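Peer 1: I would like the entire structure built from these sequences, with the hints used as guidance.
What follows is each chain in one-letter form.
Number of protein chains: 6
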Amino acid sequence: MRFDEAYSGKVFIMSNPSYEEAKAVIYGMPMDWTVSFRPGSRFGPNRIREASLGLEEYSPYMDKHLEEVNYFDAGDIPLPFGNAARSLDMVEEYVDKLLADGKFPIGLGGEHLLSWPIFKAMNKKYEDIAIIHIDAHADLREEYEGEVLSHSTPIRKACGLIGAENVYSFGIRSGMREEFQFAKESGMHMSKFEVAEPLKKILPTLAGRNVYVTIDIDVLDPSCAPGTGTAEAGGITSKELLDAIGAIADSGINIIGADLVEVAPAYDPTEQTQITASKMIREIILGWV
Amino acid sequence: MRFDEAYSGKVFIMSNPSYEEAKAVIYGMPMDWTVSFRPGSRFGPNRIREASLGLEEYSPYMDKHLEEVNYFDAGDIPLPFGNAARSLDMVEEYVDKLLADGKFPIGLGGEHLLSWPIFKAMNKKYEDIAIIHIDAHADLREEYEGEVLSHSTPIRKACGLIGAENVYSFGIRSGMREEFQFAKESGMHMSKFEVAEPLKKILPTLAGRNVYVTIDIDVLDPSCAPGTGTAEAGGITSKELLDAIGAIADSGINIIGADLVEVAPAYDPTEQTQITASKMIREIILGWV
Amino acid sequence: MRFDEAYSGKVFIMSNPSYEEAKAVIYGMPMDWTVSFRPGSRFGPNRIREASLGLEEYSPYMDKHLEEVNYFDAGDIPLPFGNAARSLDMVEEYVDKLLADGKFPIGLGGEHLLSWPIFKAMNKKYEDIAIIHIDAHADLREEYEGEVLSHSTPIRKACGLIGAENVYSFGIRSGMREEFQFAKESGMHMSKFEVAEPLKKILPTLAGRNVYVTIDIDVLDPSCAPGTGTAEAGGITSKELLDAIGAIADSGINIIGADLVEVAPAYDPTEQTQITASKMIREIILGWV
Amino acid sequence: MRFDEAYSGKVFIMSNPSYEEAKAVIYGMPMDWTVSFRPGSRFGPNRIREASLGLEEYSPYMDKHLEEVNYFDAGDIPLPFGNAARSLDMVEEYVDKLLADGKFPIGLGGEHLLSWPIFKAMNKKYEDIAIIHIDAHADLREEYEGEVLSHSTPIRKACGLIGAENVYSFGIRSGMREEFQFAKESGMHMSKFEVAEPLKKILPTLAGRNVYVTIDIDVLDPSCAPGTGTAEAGGITSKELLDAIGAIADSGINIIGADLVEVAPAYDPTEQTQITASKMIREIILGWV
Amino acid sequence: MRFDEAYSGKVFIMSNPSYEEAKAVIYGMPMDWTVSFRPGSRFGPNRIREASLGLEEYSPYMDKHLEEVNYFDAGDIPLPFGNAARSLDMVEEYVDKLLADGKFPIGLGGEHLLSWPIFKAMNKKYEDIAIIHIDAHADLREEYEGEVLSHSTPIRKACGLIGAENVYSFGIRSGMREEFQFAKESGMHMSKFEVAEPLKKILPTLAGRNVYVTIDIDVLDPSCAPGTGTAEAGGITSKELLDAIGAIADSGINIIGADLVEVAPAYDPTEQTQITASKMIREIILGWV
Amino acid sequence: MRFDEAYSGKVFIMSNPSYEEAKAVIYGMPMDWTVSFRPGSRFGPNRIREASLGLEEYSPYMDKHLEEVNYFDAGDIPLPFGNAARSLDMVEEYVDKLLADGKFPIGLGGEHLLSWPIFKAMNKKYEDIAIIHIDAHADLREEYEGEVLSHSTPIRKACGLIGAENVYSFGIRSGMREEFQFAKESGMHMSKFEVAEPLKKILPTLAGRNVYVTIDIDVLDPSCAPGTGTAEAGGITSKELLDAIGAIADSGINIIGADLVEVAPAYDPTEQTQITASKMIREIILGWV
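Residue numbers (my numbering), protein chains in the order written: chain A, 1 to 289; chain B, 290 to 578; chain C, 579 to 867; chain D, 868 to 1156; chain E, 1157 to 1445; chain F, 1446 to 1734.
One or more of the hints may lead you astray.
[Said to hold, decoys possible] Restraint-style ranges between C-beta atoms, simulated for each label pair: (1) C:Lys675 with B:Gly449: 39 to 45 Å; (2) C:Arg787 with D:Glu924: 55 to 61 Å; (3) B:Asn543 with E:Ser1174: 37 to 43 Å; (4) E:His1221 with B:Lys473: 54 to 60 Å; (5) E:Glu1299 with B:Asn372: 55 to 61 Å; (6) E:Pro1234 with B:Lys473: 51 to 57 Å; (7) D:Arg1076 with B:Asp378: 45 to 51 Å; (8) B:Gly449 with C:Lys601: 38 to 44 Å; (9) E:Gly1319 with F:Pro1649: 41 to 47 Å; (10) B:Asp378 with D:Glu888: 32 to 38 Å; (11) B:Lys473 with A:Asp250: 46 to 52 Å; (12) B:Asn372 with D:Gly1030: 56 to 62 Å.
[Said to hold, decoys possible] Reference listing, derived: stretches of chain C covered by chain A, where coverage requires no fewer than 3 residues with Cβ under 8 Å from a Cβ of chain A: (13) 742 to 755; (14) 809 to 815; (15) 843 to 855.
If you're looking for bench data, these hints aren't it; they were derived computationally from the structure.
Computed from a predicted model, the values in this text were never measured in an experiment.
All residues carry an ideal CB built from backbone N, CA and C; glycine is no exception.
Peer 2: Below is the structure:
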């Protein structure tokens, strides 16, 4: 027992001790500064780690064990409270470094705007990028109440960055009329309401490309994920999300990174949201890295 | 900014300021005096309004925006505590007035007995009425523990008022043996357990009639609506309820009013029950008015 | 009103006053000593009884009323805190007595290890036993952290006792790799992820045998049963569990006893877990006794 | 182990098995029909019993052990839902019987109106009665919204029954102006805000009389008892209430019965309200019987 | 019953219908954009109003009834999400108007930074201003993480505006070393830990001046007000805060306005924080207007 | 930003990076295997660390800043689930090492039995030891239900180890009669109910000795610390506990180590228990190291 490493319960289960040797890196982004309705996702990353203690290390979905993947939980990026612009810069710089070191980044949110600097870092590193976006909300606004750095905008920004035709949204059931119009006219893909079935149809078309996946936990029905800022009735089950994650793994496409955002533990005294999120992270580690 | 109208968060989002010009009127009925198991629905209407703050104003289900419907949230009827008989009279008188003024009434409960005076007002105003009843419970009792004014009786009373053959119940999964026998023998329609599929079969037969719809939030599975007095396992998902509301909208039948009852916020610290209820009300406004 | 019997709310609804005349006996097992992640199921039995107050006595699933079955709620076995070995002995002795008296035992847990002494008692009394096991977890470990008396082991022990080929597990979605390997190689039946459909296929093969059924409430998705020690995302709905219970009742096979375990009320402020569990117990009484 | 008595956790700890031999009888009154703000005290009695499991049987305050007092927990009176008049009659009849059998009655509420029939039974049995009333609310209304059977009226009724000069209220910090005027003019005693100090001054004057004590848990500050219908800031600590109970025990006056009312568990997920209430009941058993 | 005024439960109890005739105006400020630890006070104002339904209209502390004061609840100022600078401007403009109309402003927060624009409006209108500040936190920072618009700064700003010698802080038990040094050196008054006793000594020195009072609910111990962003152990009881409010009323000094801030309902499922806050507002209305 | 150290939120605030240079070491003991009533303190240490994020680094009580003390948060000792004997051995060995390295140990529980191996390690290292024990419970049992390794026994064991006359208990309000008799007859010191005042009288007598302090969070009233296994009404306020910690610091006696145990977060959705505990740890670091 070394005195500098006994952080049981503070890292995702089975995290390896060495950043250098790790293939994938889990990192937390404790920011919710731009959340309009129910803030609190800044506490998401640590509760996901805590909940991982209750997980089995083996997945019967993937028939694979966490010891088969070398990953390192790097903790949270110390984002400066209330300063969205600086926080986003720090995340971008952080992911730049991860990619320079050849790591597969797995981000834990925090709010969805945090995916924006990750997209930028990914786009600098990789060519021919596509983004799979699984969410209840379109997140296609240009601004929210005059603010361009809003949790309602990251997918619109992604469309500008990599071309709308390279963005694939699934499960969308909420947004402004303008967002749905943009989805229709911009050339992006948007599957409303459903995730697993339309995704399985799209996956073959992504073969050979570099694909980043961003999952907003609120794609789940509020019954499955009440602990989130903007719960939206009519969502998918955690069974369907597991099915989607499995389908991506089975498709053989080249996944280059992923994030899971918007877990806000304060609204869920049952803790099921972080329990479910931690299982999704296990499946992502086992299936996508 | 006028000082007499800044009631943000106290009315359903996008409520218009004028009763006179409104086509539909939302009104709350804060009564739970006859609830036997877990009281608290008296606080339902205000929490539904509060939760509406988190909604988008546009619905991708209906492809319609709340600004396209002129409705007015009239607040709660000040029902006298503990006095069921007087409360019901007040609701009937209130809805009489709404109908006299040509409004489409949208009632927020409160307990299900409150639908009874609404049925009476509706029946005075309209001919050839049919009632669609979406609920976990049959509510077909003649009395409960000797009391005829009980939340277990409104649909039985409706059968007496407009004829059992004009009452259509969906999703029923709880009741006394006598209630299910009455359903079988009386000529009413009852679909057990399911809502959307049987409803879609019935809707064409209601063409040309005046149809009132009453929804008890407990038709949802407790996982989707734990904040209710008598949660009953084995219910439908909020996805199926959204589907049912959409099917009614698409059917083109003439809806003359609606209510959503039995939201009891104290039993749901996740707040998902009122979040879900407020979305259902948005869809009702957009699809049925 | 007799002063020695007015225990309203302390026994399962409609419990009869006489042990001697009862056909079935409900008993609680308030033990969670070996639970690793979130303890608390020791409080399960009493909260299930309390929640039964909100149930209808008639089931539209079974078309049957609780007054048609003579059962007695015997309360909880006073298990000695922290002493797993002695507790298991007491449960075995208790069920021995129930079986000697010709009763149909219905156990309320408490942790899943409690099924182990029941299996032993059953096996002493009945020949040609089969066990139906409905659960999220395989529970096929030989030991947990060196301890053979663990809540992860009862089904493995059952395989040793009655032969793996007589054990049928459904809904399993969590376990160690070794457990799934054992399931494959031992000759037992294991249906992963699903319950009702595979069960319906197996039931005819069990005709003529003596079948005991053990249900872990965590087979349900956390959205339906957050109040349990080891919630596991991706589970079945309470509708599917009701369907499974009904299928067993309809199959006409000879059920000799049942238990429902792992309800841990502290993690579910909505109380839906015990509300749902109490409905399952009602269906078991009506369909299996 | 007898099969008809193993009700661990369903009666107050250390309850004796025989009504006949018991000196004191604990009984529950699960009624909250007339509660205006936050109903739910109908579930109070059973949760107090459940919480008693966590108590030590010995009190260092009284230097006495529960085995030194022979008491019997008779369970709840099965009060008919929603029927206040009939419920009150049943309670009166019940307490009449307890008194006829020479028992010391200890009632668990339920709402405060339930003390009214107890007062009547007490007054029939005993001469020269005085009532000690410990509460946040004056409960001196003649009626509430036109209803004479209200939880705001029992102390006014008591004044009419035994004479206002025989009623002693402590801790009162809420009521209508008329109630405080009545308190001043009627000749009753009312100590506002404080309990232990004024009580200690009054106790010597009650020597030789037959004194009944009714405690509303909301006399405690909401910080100490959030699980109650009408929490009122500015209350006493549980330390002060323990001090008051001890002072009554030490005073040597003749206590003839007691009740503790208004525990409403649904509003207190920490469970501290029932934990505290169960300790008060232990002290009452040890100090007053 | 008029259809445009039946907002029961949406305004503070006994609010009068006319802004023009009202002497005092209650207004909500739903902003928590700069909160660093646990956001959520944006929902405070409405929950305080909702909780006021459980209050008596008469105060035995003040011996006064709410009908004796003419006040109007104007609802919430519709502050633009995430834009602190604009929100503060709107509050200042709003209070300017209230003061121009001769009203006594009673603000409901929302975060404490909202007091800053109120101070500015007050200072424009009144001469010889003093501020009484009751809080757990010094709020004397010049900036927080580089941001001058922070909820940690309003009292420092007040010192700059009206002179530190005119600022009186009570109950302070948390802050940076620099804040306590500033308190010592600047000439302001700061009473650490206690409120009522030191306040009573200061009050006579404020005779003849125009005094504004700002109360942060977190001056209460977390046991009395868990529903706040930055709960700080070691606080005062609600009894002491009532005593302080009463002392100000009794002192006869000229109070020109008040606010109560930092109620964050999401962290308090018992609802006692808003229940307590609503009582404080009642006392402020009765004692200070 | 180094990738191997960004554990924000996972260590107590202001923890230094080097074990070697640290004067004090914080370590967690996530064990609750022997808890009889409400388990869950295994999650205490991490939630205390998480809550420390909301603390100021400066204490106005001590007039001292955390940067003035060099301490290292070593994380949790990975105790083997369910194995009390082995867990206690590991804690003893761990503290032996800390003491050999000259560190001041600050333990976070976990259940109170964990203090026992710490006592043993302390006694091996230091001569003339005294123990200050602040708790609601006497913890003087010889065994609990036949088990000598129980959370009810550590102080009795301490009496055997270092002599009862060297053990000083404060705040005790619960235990068996035998425990209070032992306290009286053994020569130990026990102050019932109160902490700060009796402690201040004892402190001068401890001058020159080596004093270890163990604090059970349940010495606080349940209103101040509902998140604990065995909440006991009638406790002290957090103000009094802060006073006691300050008095020990001011006394100048030689403190050699400390622990704070029995924080069980699951029972306190308000999170105030861990918020309060983290403040106590800050004061201990500032005042005792």
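Peer 1: Please name the hints from earlier in the document that this structure breaks, with their numbers sorted from lowest to highest.
Peer 2: 1, 2, 10, 12
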